[in-house]
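Can you make the complete structure from the sequences, with help from the hints?
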Amino acid sequence: MMNPEVIRKVRENNPLIHHLTNQVVMNFTANGLLSFGASPVMAKAEEEAHHMAANADGVLINIGTLTAAELQAMIIAGKAANEKGIPVVLDPVGVGATPFRASAVNRILNEIQITAIKGNAGELANLVDISWETKGVESLGEGNASEIVQQVAKTFDVTAIITGKTDLVCTGDKLIQNKTGHPFLSKVTGAGCLLGSIVTACLTTTEYIEDQVLTALEFYGLAAEHAAMQKEVKGTGTFLPHFIDALSFDVDKLEGR
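Residues in the sequence shown are numbered consecutively from 63, following this note's numbering.
If you are wondering where the hints come from, they were derived from the structure by calculation, not from laboratory data.
Heads up, some of the hints might be wrong.
Per label pair, the in silico range of CB-to-CB distance [as the list claims (entries may be wrong)]:
{"no.": "1", "residue 1": "N89", "residue 2": "E145", "range": "26 to 32 Å"}
{"no.": "2", "residue 1": "N172", "residue 2": "R70", "range": "34 to 40 Å"}
{"no.": "3", "residue 1": "A164", "residue 2": "N206", "range": "18 to 24 Å"}
{"no.": "4", "residue 1": "R169", "residue 2": "N75", "range": "27 to 33 Å"}
{"no.": "5", "residue 1": "R70", "residue 2": "Q134", "range": "34 to 40 Å"}
Cut-off 27 Å, straight-line C-alpha distance, at most; resulting in silico cross-link-like pairs (DSS-like, lysine-lysine) [to be verified]:
{"no.": "6", "residue 1": "K241", "residue 2": "K227"}
{"no.": "7", "residue 1": "K296", "residue 2": "K315"}
{"no.": "8", "residue 1": "K249", "residue 2": "K216"}
{"no.": "9", "residue 1": "K216", "residue 2": "K227"}
{"no.": "10", "residue 1": "K216", "residue 2": "K241"}
{"no.": "11", "residue 1": "K141", "residue 2": "K71"}
Note that the Cβ used here is the ideal one computed from N, Cα and C, for glycine as well.
Below, the structure written as structure tokens:
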């Protein structure tokens, strides 16, 4: 079950989340995280990566539009976060699409202590050499997602998150499901990337990690459901502003109380 205390603490503390994320989603991610109640900073220069991460409360690494220079900044920021003891979330966007992405994620996982890995089933399957059909950064295949999320959690000693029609979370020996959400999210560029940002913000609280992650997923899905129900919404274009609004709501409002 969602723990509203996680959201309350995020909004009370307004944590600074250092994003090393992709070019496509920066504005959407920043606005969504601000609405949720945390503070985003988008800084990918190698020269400032250490200082920015050292001043942050959490770090999100998203390889959506990765370059070699950005990879080095990600490594520096991740190591600074490890030194400070703050959460690091990895979103291995399209990791199986090219050898460059695969080698970059391998380096990140070898050099940084990651707190949580979030991605679709195809992305996480690639990390543990399980066959899964993908197209670019999209996951098309079908298979045992529960096996994949558990294998990723065990292999890399992380909390593993697979997003989809049903989200799956594995932390330690616990396997948790979340069924909130709306199909519009799969048609919005950056919806998964913003979710990674909100997961990172929730990980800055002091609750149990399974509560932190499940709360982020369930709240995000409820916000999407609420937005999609508004009478003005005709498609993803009209859905988006209502979704950004809903990310700022209290849990009780989203649950229809």
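Give me the numbers of the hints this structure contradicts, sorted from smallest to largest.
Those not satisfied come down to hint 8.
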